[in-house]
Amino acid sequence: MIITRSWKRTALSLAAIGALAGALGAQAPALPAAPKNAPQDSGALRVQVQGTLTDAQKNDAGLEALTKSVASELRCPVCQGLSIQDSPSELSQQMRTVVKEQLAAGKSQQEVKDYFISKYGEWILLEPQAHGFNLLIYALPVFLVLGGAVFVVFIVKRWTAAPATAGASVPTADDTE
Amino acid sequence: MIRLIASNAILVALVVTALGAILTPVAILRGRRDWLSFSFAAVYTNFALVTVSTLALVWGLVSHDFSISYVAQVGSRATPTFYTIISLWGALEGSIVFWAWVLGMYAAAVVWFNRKREGNLVPYAAMALLLVALFFHILLLGPANPFQAVFPVPFDGPGPNPLLQNHILMGVHPPLLYLGYVGMTVPFAFAVGAMLSGEVASDDWIRLTRRWTLVAWGFLTAAIIAGMWWSYEVLGWGGYWAWDPVENASFIPWLTCTAYLHSVMVQERRGMLKLWNLNLMVGTFVLTILGTFLTRSGIISSVHAFTQGTIGYYFLGFIAVVLLSTLILVAGNSDKLGSEGKLDAPLSRETAFLLQNMFFTVFMFTVLIGTLFPLVAELVRGVKVSVGTPFFNKMSIPLMVALLFLMGVGPVLPWRKGAGPELKGKLTAGVVLGLLFGVVGLVMGARNAYAVLSFTFAGFALGANVGEFVRGANARVRAHGESWLVALSRLVAGNRRRFGGYVAHIGVVLVALGVTASGTFKKEQEATLTPGQSMTVSGHTVRFKNAWLREEKQRQVVGATMEIMDGTRVSATVEPRMNYYPTSQQPVPTPQVKSTWSGDIYLNLMAFKQDGSNVTVKVIWEPLVPWIWFGGFVICFGAILGILPTRREAAVASAPAGGTP
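Protein chains in written order, with the working numbering: chain P, 1 to 177; chain C, 1 to 661.
To be clear, the hints were calculated from the coordinates, so they are not data collected in a lab. Idealized CB from N, CA, C, for every residue including glycine. Treat the hints with caution; some may be incorrect.
To be verified - Okay, derived cross-link-like pairs now, PhoX-like style, lysine-lysine, Cα gap no bigger than 25 angstroms in a straight line:
| no. | chain 1 | residue 1 | chain 2 | residue 2 |
| --- | --- | --- | --- | --- |
| 1 | C | K523 | C | K394 |
| 2 | P | K113 | C | K394 |
| 3 | P | K119 | P | K107 |
| 4 | C | K417 | P | K157 |
| 5 | C | K394 | P | K68 |
| 6 | C | K394 | C | K522 |
| 7 | C | K545 | C | K594 |
| 8 | P | K157 | C | K336 |
| 9 | C | K384 | C | K394 |
| 10 | C | K523 | P | K68 |
| 11 | C | K594 | C | K522 |
| 12 | P | K113 | P | K68 |
| 13 | P | K68 | P | K107 |
| 14 | C | K384 | P | K113 |
| 15 | C | K523 | C | K545 |
| 16 | P | K119 | C | K523 |
| 17 | C | K594 | C | K523 |
| 18 | C | K553 | C | K609 |
| 19 | P | K119 | P | K68 |
| 20 | C | K545 | C | K609 |
| 21 | P | K68 | C | K522 |
What the hints assert, rightly or not - Chain C stretches covered by chain P per the calculated footprint, using a threshold of three residues with CB under 8 angstroms from any CB of chain P:
| no. | region |
| --- | --- |
| 22 | 19-33 |
| 23 | 333-345 |
Said to hold, decoys possible - Label-pair restraints from in silico Cβ distances:
| no. | chain 1 | residue 1 | chain 2 | residue 2 | range |
| --- | --- | --- | --- | --- | --- |
| 24 | C | A345 | P | S118 | 41 to 47 angstroms |
| 25 | C | A78 | P | S118 | 42 to 48 angstroms |
| 26 | P | A105 | C | A78 | 47 to 53 angstroms |
| 27 | P | A161 | C | A493 | 39 to 45 angstroms |
| 28 | C | R550 | P | L146 | 57 to 63 angstroms |
| 29 | P | L146 | C | G418 | 23 to 29 angstroms |
Hey, can you work out the whole structure from these sequences and the hints?
Written out as structure tokens, the structure is:
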């Protein structure tokens, strides 16, 4: 019961942060967490969030690996293209805790991602979901490699088809390798 | 006063470059070759004027002349002089001034060295250089004017962006980047000159610019590595590459230029791929301008996109003009760009180069598509999406692995004819080293197939490239009876270009090993420590001693003194810090790195109790990361070897017809 309630509180505060970040837009990443002009204690908030995980869950290597995998695909809203796994920012650390808590509560990886999409939009995913229009960026490089390979075969065939002429090539000393 | 000198120098430079550019075709079409000396003079005069303007701006920065808009924007009396000087490239306007200066320098140098050459190639190339310079002067008098009057004159300014005054590499990375980026203008201008003068059928433009292209490529390579290093040392997340749009912007032209450096050898030796090489060089130049557009227009939010404005339209217009005019030129010259050579067998070095070019081009398009996709998606779907590390890694790692493999195959394949029985012997060292590296990777715990392949092919490429040195030296020992080291140095001195290339390959192997190892075996842990407490990551123990606060002129610094332990002995002391600048809400992390040959211990201060009773630190074990920086130096050394003249070329240059520097 306690777990659920404080989980909700975390979710609410994250939603508020998300709305704020959304309002500021991706262009102007300001720190939505308590702004700090001077050195101050920065540990307090985190302790509060971390309170919902049991000691066993905190040290669970499997849960840690799952968290890492999800966190690597979520974008830190206040950084420049870093994932919340990589980012040292405070908001990322809080978001990572939320990921871990939701996974510990039995949500699937996709459900956790969907939760963040519902808060921040598709933008929060560092890799576009492979459906619809987004398929384009996955398909284009593959087509380019295939097309390029066909082209290379075509060129080499043309180069080798005609009888070899001495032509432009004058073998020099270091040709003989 | 300073403001007026600097501003008017640019205005005069604009007139001079415009007149010089117009004069060139007039002189050639009217048969008045004596007029051409005026357009060359315009190139030198432009350099002098831009130098005056750049020095004036630096002087304005150093003397804190806040009546100049740029100084008022980035200057501050509290900033140390070094960071004041380098704030010349800290924001849009100053960096365009610096760009114009580097361009002026390249143009003056390349025209000076080739001034005596007969024919219309050099005059037309000078014209192209003047036209590009003209574009930057227009920017400086229009949307990127750093010399506007500020009234009333403020007493002090905000100082440069904190991220740009936190590390000495900010004095290294941007100039290298500009020297690389702007340097691509030289081969581009000569390509244009060759097409305009009709000399494109001969490969003279390629021979004249070979060294200039390599210089620009070397600077761009060094700039990318220095940028990675800066991001590693400053941003505090323990990584060096985030596929940030601006990192991509520097990487995209590097890919096409690297492709060009290889395929141009096919043209020089075999007279093939002429049209392709021309397109690669024009493409490289356009991609540098596109990169600047992405960086400086603020169109894609990114760590480097510090500024926004109307300048984007100017860049787009310029790109359109360049693309359209070169397209017309290429179409008009297509009859002269046919292929001369033929192959005896498909498995030859030409084919390896073709494949390499194909992979590099696909790589370039993949990064370009990924970088531009958020813009396209927003236009088409109206939804903001992100394209970041997971996408780029997924798409580019297979390409990089394929390129590593080709880097080992290419050097051992013979030109034109098919590979003979000697191929087996040439491949032995590579195969043995490759298997060894792959097994070591597996034993160390690599389970990702691409990581194992990357280790294997890195070893393979290392064996193949080192093998070229060994076989060549051995042959000399047999033929001339020299000692092995003498044979090796004479071998390299006799063909610096070829062996410079192999040295660069070895550097790439070192970078690949560093990237693969740090990507695969990196370990990190975060902990809150009280004084005397220690933590261990991957066998490396660090102990927290004390936290402290220091007031500096331009900032407040909070630091933690951490001891790196060797058993019970303290082997080193490092001080990760957080720097608080008055203009920034967030502290700037200042991680500290303790390097060993096998990797870095990376410490970042994450949080602290105000009374100093505890700190939270992140400790990352970064295997083989120093190899990346060292590999960068090796690549640049290879480039320098390739730039130095060989004996054969020196003989040609001293002959009367030669005009090569």
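Hints versus structure:
1. C:K523 <-> C:K394: Satisfied, since the Cα-Cα distance of roughly 21 angstroms is no more than 25 angstroms.
2. P:K113 <-> C:K394: holds (19 angstroms)
3. P:K119 <-> P:K107: Roughly 16 angstroms between the alpha carbons, so the hint for P:K119 and P:K107 holds.
4. C:K417 <-> P:K157: holds (14 angstroms)
5. C:K394 <-> P:K68: holds (17 angstroms)
6. C:K394 <-> C:K522: holds (18 angstroms)
7. C:K545 <-> C:K594: At roughly 17 angstroms apart (the allowed maximum being 25 angstroms), C:K594 and C:K545 satisfy the hint.
8. P:K157 <-> C:K336: Holds, at roughly 22 angstroms.
9. C:K384 <-> C:K394: Holds, because 21 angstroms separates the two Cα atoms, which is no more than 25 angstroms.
10. C:K523 <-> P:K68: holds (12 angstroms)
11. C:K594 <-> C:K522: holds (15 angstroms)
12. P:K113 <-> P:K68: Roughly 13 angstroms separates the two Cα atoms, so the pair holds.
13. P:K68 <-> P:K107: Satisfied, since the Cα-Cα distance of roughly 15 angstroms is no more than 25 angstroms.
14. C:K384 <-> P:K113: holds (16 angstroms)
15. C:K523 <-> C:K545: holds (23 angstroms)
16. P:K119 <-> C:K523: violated (31 angstroms)
17. C:K594 <-> C:K523: holds (15 angstroms)
18. C:K553 <-> C:K609: holds (24 angstroms)
19. P:K119 <-> P:K68: Holds - the C-alpha atoms of P:K68 and P:K119 are around 20 angstroms apart, at most 25 angstroms.
20. C:K545 <-> C:K609: holds (14 angstroms)
21. P:K68 <-> C:K522: holds (13 angstroms)
22. 19-33: violated (count 0)
23. 333-345: Since 7 is at least three, the answer is holds.
24. C:A345 <-> P:S118: 41 to 47 angstroms: violated (60 angstroms)
25. C:A78 <-> P:S118: 42 to 48 angstroms: 45 angstroms Cβ-Cβ, so the 42 to 48 angstroms window holds.
26. P:A105 <-> C:A78: 47 to 53 angstroms: For P:A105 and C:A78 the Cβ distance comes to about 50 angstroms; the hint holds.
27. P:A161 <-> C:A493: 39 to 45 angstroms: holds (40 angstroms)
28. C:R550 <-> P:L146: 57 to 63 angstroms: holds (59 angstroms)
29. P:L146 <-> C:G418: 23 to 29 angstroms: This hint holds: roughly 26 angstroms between Cβ atoms.
In summary, the structure is inconsistent with hints 16, 22, 24 from the numbered list given earlier, while agreeing with the others.
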